[in-house]
Amino acid sequence: MVKKRTIWPYLLVAPAVLIIVCVVFIPVLNAIVMSFQSYDLRRPKDIAFIGLGNYQAIFKDSLFWGALWRTVVWVVCGVGFQFLFGFILALLLNRSFTGRGIVRAVSMIPWVTPGVLIGLMWRWIYDGNFGVLNDLLMRFHLVSAKIPFLSQVSTAFPSVIVTIIWQGIPFFALMILAALQGVSTEMYEAADIDGASPAQKLFFITIPSIKNTIFVTALLRVIWVANSVDVIFNMTEGGPAYSTQTLSVYIFNKGNALNLGYASAMAILLALVLLVVAIPYLKMSFGKEE
Amino acid sequence: MKKRKLARKAAATVMAAAMAMTALAGCSSGNGQSNSGGATTAADTAAATTAAAADTGSAATAGEVTIKFRYWADNTDYSQLMQDIITKFNAENGKGITVVGEETPWDGGAYSENLFNVKMGGGDIDCATWKLTSTPLFVNNDLLADLTPMIDTWADKNDIDDNIYGIMKEAGGSDQIYVMPWNIQVLYVYYRPSIFAQAGIEVPKTYEEFLTAIEKCTMDTDGDGKTDVYGFGMRGAKGGQEPWGSFIYGRGGSFEDMTTAGAVQGMQDFIDIYTKGYVPPTATSDGFNEIIANFQSGLTAMTIHHTGSSANMVTALGDDVSAFPFPAGTGQWTSMGDTETVIFESCKNKEAAFEWVSYLATGEGQKLWCEGTGNVPVSKTLQASEFFQNNRFMKASIEGQSYAGILPILDTTTEWISTLWPNTVSQALTGSITASQCMQTLQDGLYQ
Amino acid sequence: MKHQSLARRIISYLPLVLLLVFILFPFYWTFITSVKPEDELYGAAVTYWPRVITFESYKKLFTTTVNFLAAMKNSFIVASLTTMVSLTASTLAAYAFSRYEFAGRKSLMCIFLCNNMFPTVLLLIPLYTIMRKLGFLYTPASLVLSYTTFTIPFSVWLLLGFLNDLPMSLEEAALVDGCNRGVAFVKIILPILGPCLVATGVYIFMTSWNEYTFAMMFTNTDTRTIPVALKSLIGQLGVQWDLLTAGGIVTIIPVCIMFFFAQKRLVEGLTAGAVKG
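Chains as they are written, first to last, in our numbering: chain A, 9 to 298; chain B, 3 to 450; chain C, 39 to 315.
It is worth saying that the hints were derived from the structure and are not from the lab. Among the hints, erroneous ones may be present.
Claimed, not checked - Derived DEER-like restraints, expressed as beta-carbon distance ranges:
| no. | chain 1 | residue 1 | chain 2 | residue 2 | range |
| --- | --- | --- | --- | --- | --- |
| 1 | A | Leu280 | B | Val316 | 54 to 60 Å |
| 2 | B | Gly202 | C | Leu107 | 52 to 58 Å |
| 3 | B | Gly202 | A | Arg147 | 31 to 37 Å |
| 4 | C | Met296 | B | Gly407 | 51 to 57 Å |
As the list claims (entries may be wrong) - Sample of chain A residues with no beta-carbon within 10 Å of chain B, all distances over it, derived:
| no. | residue |
| --- | --- |
| 5 | Ala65 |
| 6 | Asn102 |
| 7 | Ile110 |
| 8 | Ala153 |
| 9 | Glu197 |
| 10 | Ala198 |
| 11 | Asp200 |
| 12 | Ile222 |
| 13 | Glu245 |
| 14 | Leu277 |
| 15 | Leu280 |
Claimed, not checked - Capping the alpha-carbon separation at 25 Å, the derived lysine to any residue pairs in SDA-like fashion look like this:
| no. | chain 1 | residue 1 | chain 2 | residue 2 |
| --- | --- | --- | --- | --- |
| 16 | C | Lys225 | A | Leu19 |
| 17 | B | Lys240 | A | Leu19 |
| 18 | C | Lys171 | B | Gly123 |
| 19 | B | Lys240 | A | Gly123 |
| 20 | C | Lys98 | B | Thr78 |
| 21 | B | Lys278 | A | Gly123 |
| 22 | C | Lys111 | C | Glu94 |
| 23 | B | Lys369 | B | Phe389 |
Every residue, glycine too, gets a C-beta built ideally from N, C-alpha and C.
Could you put the whole structure together from the sequences, leaning on the hints where they help?
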């Protein structure tokens with residue numbers, strides 16, 4: 009790493025910084041300020057500075073804590089399995105076989121599908137009266153009565169988690185596949201000569217060589233999934249009985265109800281939680297350089 | 003030397019990108035208004051006159067006015083219908099008014115929020131189609147034009163029932179009329195005559211008979227021990243508060259105070275038909291699509307909706323579908339769905355905009371729209387016409403008009419409808435809260 | 039011997055097949071929904087292959103007010119431009135973060151990360167005002183600008199991850215040979231970074247392609263993108279399944295074909311520049 013003082017790095021980051029600052033900086037600051045106000049556009053004459061009032065109300069709000077817990081489950085299960093299946097898929101797609109190009113292209117489908125279609129299609133698949141999933145389960149005699157997946161508190165949340173896993177697999181598959189291309193084959197050849205098993209090669213060569221990519225993609229995906237709204241919203245809108253309402257969906261509902269002060273305060277709390285999650289990685293990547 | 007080369011390369015790339023963007027902005031702001039790509043929109047005829055006026059959004063030359071009109075369309079046929087009506091108005095109004103229509107998705111009701119964001123951001127829309135529930139939000143932010151003076155001097159003022167004007171005033175929270183009536187939908191009960199015959203019952207005349215009918219129509223038709231037909235298609239997702247209200251009023255409750263004994267009893271009836279299995283188990287998440295699909299496929303014997311769906315019903319079921327108005331119990335109520343139009347305070351030529359919205363309300367636009375979509379007209383003269391008197395679904399609607407009402411329109415109503423009602427009621431249906439706890443939560447949520 | 043290798047082959051490909059079934063089933067279901075007539079959709083029995091196949095919905099997609107072709111064109115323009123601008127800015131920034139130490143480096147990296155933690159629903163009104171004042175409303179530029187601000191931070195971090203996995207020894211060897219940094223970047227790093235650039239480019243393209251909230255706010259009927267066009271098929275009276283699924287299929291296939299050609303470049307990293315020791 010170059011440590012001498014030079015103007016180059018500043019020039020290189022300038023375009024990126026300029027775009028971000030000119031467009032989003034002020035709206036984000038605006039939102040932060042709103043979190044300290046009783047900013048409800050349905051009652052614009054009542055807008056006033058209330059300090060930590062929103063935050064205090066949030067801590068007493070049982071819906072907030074429920075949503076926060078659900079967000080944790082959502083992210084851990086969602087990103088966890090997305091990563092697992094994406095990783096497996098990347099390894100499989102890295103091998104050589106006929107038709108590999110087509111298989112790779114086709115694996116991208118969940119990523120290419122527009123969000124509204126994902127929500128509605130999966131809702132249709134899960135449908136309790138006409139859905140194909142119930143039909144298959146009944147045909148194979150795995151259940152005796154149709155399961156209303158999205159109508160029951162016990163099954164609604166797992167169902168939407170399966171959908172978000174489906175949506176996220178291609179992202180990990182692609183990123184890991186790209187990183188795998190940079191791993192030198194010589195290390196594998198040396199390992200083969202030493203008689204290493206496939207599992208040993210996986211854990212001692214493959215994973216360490218791409219660990220930066222793994223960490224970054226996992227972190228980015230955590231942030232993305234924590235904030236994602238459209239899958240849940242198009243499938244259940246947060247119901248039934250709040251069972252699929254993650255914090256991002258709660259914020260979205262409050263924001264749409266134009267209670268922007270409350271929504272902004274919750275958004276800041278969510279961002280703080282995500283920052284806490286990100287800190288170990290930041291420390292690790294900054295620490296390595298010293 | 004090489005350093006400079008790279009610097010120039012980098013700078014060139016960035017500059018090229020910047021130039022591309024500004025070029026896009028420059029040439030596209032002209033293109034954005036005219037029609038590219040073969041769309042058959044009415045804007046074709048308007049394009050010539052509006053291309054110059056587009057930036058300012060109002061009079062380009064003396065006597066020529068452009069009105070920007072935002073609307074949503076429930077499907078592609080209605081989208082085409084609205085565009086045809088706009089073309090007709092532009093050709094026939096003889097006052098130099100040109101309406102430019104702009105279609106935006108309904109998006110599950112987010113249409114209103116999007117409209118709000120645009121108006122707050124300074125967007126220049128002159129008038130739009132409207133849902134009453136968003137009135138308090140816009141009125142509180144001083145975004146709507148007061149229509150009272152224009153309506154008072156309007157020739158067709160009396161063609162619309164006073165009751166309807168009253169509801170518009172109520173929504174605005176004052177004696178001013180901020181919302182122009184357009185069409186209404188009165189909810190009634192669809193039923194399958196064949197299933198009624200199989201269950202051996204007649205059309206219910208009272209609320210109690212209605213509950214019995216639900217029970218009797220829940221049948222196991224093939225003897226396998228599982229219910230094949232459910233008595234009622236309950237709507238538990240967003241929008242379900244409209245049929246639900248009839249149960250509350252049927253026991254003497256009302257929206258003014260949802261915690262009375264009558265109201266709680268009505269809620270209990272609602273919970274009971276769910277727990278006893280007279281409605282499909284998917285009821286907690288069933289929305290419009292589901293209740294209609296369930297009814298049309300024969301899974302349910304009755305469900306509640308309005309004339310908007312009647313055309314599809316007849317296509318699917320022919321004569322084996324009819325309707326009756328929701329019967330009276332201790333009280334009687336059915337939901338009056340609404341669609342209106344509004345003119346924004348920012349509109350520079352409100353008289354011209356009023357010409358357009360009144361064309362939709364009682365003029366040719368009303369006839370074309372209501373006959374095309376099957377919605378109940380607000381124009382009394384049109385209601386009396388043959389087309390509307392001879393339709394059995396229209397009849398059920400018109401019969402229900404006298405006791406049709408709306409939810410109180412407060413600034414909390416939108417959130418109550420979107421989030422509070424669906425989640426609280428599904429908590430009650432699944433047993434995690436009681437009927438009276440449910441009603442208390444709903445009461446507190448609406449009247450905070 | 040032959041039995042063994044066949045069995046082993048099946049077992050080694052089984053995970054792939056299972057994953058593919060999981061990934062492709064909804065796509066298959068979307069496709070047959072788009073060619074089924076409506077009464078069959080809600081029929082008493084679920085059919086796995088339509089009794090009647092009709093391509094009516096595809097025709098309606100392009101000839102009625104949906105005007106899907108225009109939406110596809112708009113989506114493509116916006117996504118391509120966003121990818122070009124965003125990828126350029128991100129690559130430069132990521133290289134700076136990875137190879138240089140400078141004041142403000144850590145704070146900038148943190149800001150980039152935090153930028154995306156904020157939900158967009160709260161930024162809509164001020165952003166609309168900004169776009170209106172810049173005169174970009176209802177043009178592709180507004181979307182390109184909005185999308186670059188949200189894709190740049192993630193892209194920078196993605197490329198940073200890839201760059202950090204590439205050892206410094208590559209460039210150091212070149213520098214020792216007398217090249218300056220810029221040439222080392224273009225001649226050595228860029229080719230090896232190729233697959234990663236493709237992957238990041240795909241990420242940016244997909245994000246722009248599928249984005250709805252901003253597209254809803256900043257476009258009108260003529261400039262609307264695919265997600266907005268699809269949303270307009272859902273009204274108060276329910277979902278127009280035939281058009282929605284047909285639109286989905288028409289959206290998915292061209293992009294997959296594009297990706298098929300793009301993924302060939304993923305392999306190039308192996309041939310460009312051997313990594314010695």
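Results of checking the hints against the structure:
1. Evaluation of the 54 to 60 Å hint for A/Leu280 and B/Val316 yields a pass: the beta carbon distance comes to about 57 Å.
2. As the Cβ distance of B/Gly202 to C/Leu107 is approximately 56 Å, the hint placing it in 52 to 58 Å holds.
3. A hinted range of 31 to 37 Å for the beta carbons of B/Gly202 and A/Arg147 is consistent with their spacing of about 35 Å.
4. Roughly 54 Å separates the CB atoms of C/Met296 and B/Gly407, a value that falls within the hinted 51 to 57 Å.
5. For A/Ala65, the requirement that its beta carbon stay farther than 10 Å from each beta carbon of chain B is met, with the minimum near 12 Å.
6. For A/Asn102, the shortest C-beta to C-beta distance to chain B comes to about 32 Å, beyond the 10 Å cut-off, and the non-interface label holds.
7. In this structure A/Ile110 is separated from chain B by more than 10 Å, as the shortest Cβ-Cβ distance comes to about 31 Å.
8. Its closest Cβ contact with chain B, about 7 Å, brings A/Ala153 to no more than 10 Å, contrary to its assignment away from the interface.
9. Every C-beta of chain B lies more than 10 Å from that of A/Glu197, the closest at about 36 Å, which supports listing it as non-interface.
10. Every beta carbon of chain B lies more than 10 Å from that of A/Ala198, the smallest distance being close to 37 Å; the non-interface claim holds.
11. Non-interface status of A/Asp200 relative to chain B is upheld: no Cβ of that chain comes within 10 Å, the nearest being about 41 Å off.
12. The claim that A/Ile222 is not at the interface with chain B holds, since no C-beta of that chain comes within 10 Å of its own (minimum 30 Å).
13. Listed as a non-interface residue, A/Glu245 fails to keep its Cβ farther than 10 Å from every Cβ of chain B; the least gap is roughly 6 Å.
14. In this structure A/Leu277 is separated from chain B by more than 10 Å, as the shortest Cβ-Cβ distance comes to about 19 Å.
15. The Cβ of A/Leu280 sits about 24 Å from the closest Cβ of chain B, beyond the 10 Å cut-off, so the non-interface label holds.
16. As the CA atoms of C/Lys225 and A/Leu19 are separated by approximately 20 Å, the hinted pair is consistent with the 25 Å bound.
17. A distance of roughly 52 Å separates the Cα atoms of B/Lys240 and A/Leu19; the hinted pair therefore is violated under the 25 Å criterion.
18. For the given pair, C/Lys171 sits about 10 Å from B/Gly123 by alpha-carbon distance, which is consistent with the 25 Å threshold.
19. The straight-line distance between the Cα atoms of B/Lys240 and A/Gly123 is roughly 20 Å, inside the 25 Å bound, and the hint therefore holds.
20. Taking the CA atoms of C/Lys98 and B/Thr78, the gap is near 9 Å; set against the 25 Å cutoff, the hint holds.
21. With a C-alpha separation of about 37 Å, the suggested pairing of B/Lys278 with A/Gly123 is violated against the 25 Å cut-off.
22. Among the hinted pairs, C/Lys111 with C/Glu94 is consistent with the structure: their alpha-carbon atoms are about 22 Å apart, no more than 25 Å.
23. About 10 Å separates the Cα atoms of B/Lys369 and B/Phe389, which keeps this hinted pair within 25 Å; it holds.
Checked against the numbered hints given earlier, the structure breaks hints 8, 13, 17 and 21 and satisfies all the rest.
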